[in-house]
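Asker: Chains as they are written, first to last, in our numbering: chain L, 1 to 252; chain B, 1001 to 1791; chain S, 2001 to 2106.
Everything labelled a hint here was simulated from the structure, so no lab data went into it. These numbers come from a predicted model, not from an experiment. One should not assume that every hint holds.
Claimed, not checked - If the Cβ cut is set under 10 angstroms, some of the chain L residues that face chain B in the computed set are: (1) PRO145; (2) TRP156; (3) LEU160; (4) ALA163; (5) TYR170.
Cβ atoms here follow ideal geometry from the backbone N, Cα and C, with glycine treated the same way.
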Amino acid sequence: MSVRSIAAVLALLLALVAGPAVAVAQTAGAPAKTRVNAAAGNTAGNQVRHKAGQTKKADKKTEKTSKVMALVFCLFALMCVGGSLFVITRRNLIAAVMGMVGTFFAIAAIYIMLYAHFLAAIQVLVYAGAIMVLFVFVIMILNRPVDEPWSKQGVWGKGLAIAATAYLLYRLGDVLWSVKVEVAGPGPGKYIDHGDFGSTAHVGQVLFQDYIFPFEAVSIVLLVAVVGAIAVARPNKKRETLDNVAGEGGAE
Amino acid sequence: MKSDLIYLIPMLPLLGAAFNLILGPKLSRRVVHFVAVGSVAAAFFVALYLFVGPLWDQYQAHKHGKAHTAALYQHVYTWIEVGSLKLDLAFALDTLSGVMIMVVTFVGMLIHIYSTGYMAHDKRYAAYFGYLNLFTGAMLILVLANNLPVMFIGWEGVGLCSYLLIGFWFEKEEFAYAGRKAFIINRVGDFAFLLGMFLIWMSMSGVEGIGGAHALDFYKAATENGTWTLSHGITDSHLQPWLWNTVGDGRMALIGGILLFIGATGKSAQIPLYIWLPDAMAGPTPVSALIHAATMVTAGVYMVARMSFMYANSTGAMAVVAGVGAITALFAAIMAFAQTDLKKVLAYSTISQLGFMFTAVGVGAYSAGIFHLVTHAFFKAGLFLAAGSIIHAMSGSGDITKMGGLRAKLPRTHISFLIYCVAISGIFPLSGFFSKDEILAGAFGAHAQDWSWGLYGEFLWLVLTLAALGTAFYMFRLYFLVFGGECRADDETKAHIHESPASMTVPLLILAGFTCVLGGLGLPHIGGLPNLMHSWLEPSVSATASAWAGHPHGVTLYALMGSALVFGLAGIGLAYALYSKGPSEAVARWTSGGIGAKVHKVVYNKFYVDEFYELVILRPFRWIARSTWEFVDKFVIDTVFVTGTAVVVDVAGRIARWVQNGQVQRYMVGIVVGAALIFGFSSRGPADKFGYTQDMSVACGATPAPGACMVTLRADVGAGPSVQGAHVVWRFSDKLVMRGFEVKKTFSKAGKYKVVMEVQGGALQDAKKTRSYSRTIELKTTMGKAGGGAK
Amino acid sequence: MSNVFFNITYGHFLVLAAVMFCIGVIGVLLRRNALIVLMSIELQLNAANITVLTFARMHNDMHGHALAFIVIAVAAAEAAVGLAIVVAVFRSRHHADIDRLTSLKH
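Throw the hints in and build the complete structure from the sequences for me.
Answerer: Listed below in structure tokens is the structure:
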């Protein structure tokens, strides 16, 4: 059993397990304790858990998340990061694609934790289901499943890149970690609350009311992409001259 | 005005020079030498006219008290006018320059005529006469100048022409080197001359009545009632107390005088700058006659005589001049004993005689010095011209060891040469006797005004007498070796010996004639005999200084004259004894071994002075030049700057080229690095750990008032998960404690307060540790619209 | 310290997204195969999506979801065109090594 197949199986299993696990955790997990900060003033935003099916705004009480949720998050976060690392380090292209698929499933799970259920489904359908399949098709067309070895030239450039990226990560992480969370309230845009946060209906509302133009534009983008892909990837055939055609016709 | 003709005297030879230098090469020899000789002859006649006409009248007028000075003055134009400096191109013809112009133009004319014969076969005929005319013009500018800078123009001009003429046959390398050596040594002297001139300007330009524009003038011209009147400028005798008082005991005169004298040593070949003159014999013989016997080398003597009024303020400077002159006279005479080249002997003789002249002007016997200058000009020029004739006869060789017995073959040359030798040895009644004797007499009794010279005068007299003895000896050694005995030349040369053409021998005879009679100009002070030179020069030189020279009379005078004669005859006798039949075997025996050989070697090598200079001055100088070239030019400029710039550009290009290699990933690296830099340069978080704002709408005053100075303090310790579960405690200096992320506090009055904030807890932090930040907040007084509070 | 793992806040999601983004950046800069590079770009887009959804949740604003939706669609289009280009390039040069595609140099 190769690494690839193991990775693929694990990803599949987790995908099957992920959804129900999270859903169960969300419904079953009750906040263990509440701790209220003394005095007035801003408080750090904490994750607020909704019960499934309830229509509630985020309340001002702070809660500690349940241990199960924490475990689930850590698990899927690890899968994300692990999968990403897998992708960028594999020499075998198919292995990389499999790693990518696993990553996408884990990301879908993360989306569910963020109450973006519709998008989680779309993520699995589009990314893992269509784009990665496209990648596999292309790998098969190219018929070169193994990448060239790491090159020795340009080491300075690569070293510089790693250093810059590491610094970038440090700064980004620093900034994002200390994002101030304001009191949760209705967002700046208008929306009519037709359902739960993150549900399909909700997304549909926003999409077809506030973002109808971008939606139509995206459909044109997709059309252009389709046409463009065909135009670019079409194999070059020599135009047949009249002589050839006549010749072939005559020879028959 | 008759003095308007003065400018013609230098102008005519200069025009001739311009003509010959520009057009000469294309014209025939006749035209060239006609113009050349003609221009100098014209200058001579103008000079003669001015001398016996207007200048004589002016002299008489001055003698009878009707004129301020015995000088004619011509202002040509204002040369430099800058700030307080105003220099005129002006000529002053006084009795001293009158003597000089007669000598220069007359002897110059004769030498020009001689040159037409001597240089007849030279291919650069026109250039030669052009240079010769240029020299004559420059010398006349020097002599006629009314101020030091214009004199310096002439000074430099004669130096230049000396270089051009010494190195006239520059195809031979050593001749070119000789010219260069002369010029450079002259330049060293000129530098000292310039320093002296600057010093005089600096110290005199502020002196009232003389300073400012006319600080460097010899004669100050001023118009009074529409007529020119002249008073002495730098030479004003009224000035003496001024200088004494204003410049510190005549120190300016001492230093300036010495500096100018160093310039004179360069020009007039005294110690230490005489070494160019023997080498200058590389030039054509007429050049040696004119420049290095009669005119250029006398410029130094003339300058000292001209500056007599300045030297009169410093007995120290005069002592230096006299001493150097005397030592040079003796030294050069000794060096002439062993020379075997005809012209070199004459060169050392010139140096020696110039030493005599400097001693004369150094003790204040100006008329003696100038008189000797005049007589020396005639017989030394004659000697050189005769040497030219001899060399011409000997097919170009000047080696006296190969001459001899020319008496029969060159009669006219022989008789003139004999006359010159007798004159230079100081034998009565030729002119040399009178002039040399006057110098010796002046030196013997020299005494300065307020400085006891002790036996200095006697010392000078002794040195000069020995030099005179030496002069007689080596001159007659020369005479006997050249004209006496048997001819030692080889047969081919012997066959060519012939007397020179008339153009060469006639000047010789003319000069010989003058040598005989010129003695009458300076008769000694016996029984009322007039000393014409002395009385003629009297208005032009400092009376104070003239009084220092000795004026022996009576027995002393007779004794001095007699001893001079005896010494002269002794020298001749010694030479006759040793050399009358050719090179002396006695001398040859003495110099073949032991101490005699060593002495001979030292003297023959001119006391190794040239070698000494080469070692001490030239070698370090060349080393410095080469090192500068190696280091500054080759290393710093070429390698570091030129090649280095190229290398830097190359390396920079290489680095820059790395960025663009066509690979897209390389460019993306650039993007990421740019993003990282942007993050890097932006601020990283709150500088202060807490911020505060003062409520300005509430009056906060300097005096305590209830309810004043409201401040809101905000903890800035991050947000989100990092402060989850944190508490903030505020501590104030009045022991008040508040809690919370944002608090409001009232202070009693404006000023500085220390606030401490403590944070405890929060995610990622240890709950037990307290982080505290303290800061001094400053509250300002706000005199709002509500007024209140004192200002 | 244990608080970090047991108390999941929005910051956790954001940092996760940042980490994934940087991994994507490294993949883009360091890998030579064009397909891996495209996959890394997809990774970056997903990281951005996570960030958008986190903020949407934070501010209880559904507009983030719309944006994320559109991002997914555009990413799909871009992947399609990108892969088509890779195929075309491979056809003419017979390799998909972007280190060797240096025509931009001059």
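Asker: Go through the numbered hints given earlier and state which of them the structure violates, listing their numbers in rising order.
Answerer: Going through the list in order, the structure violates hint 1 alone and respects the others.
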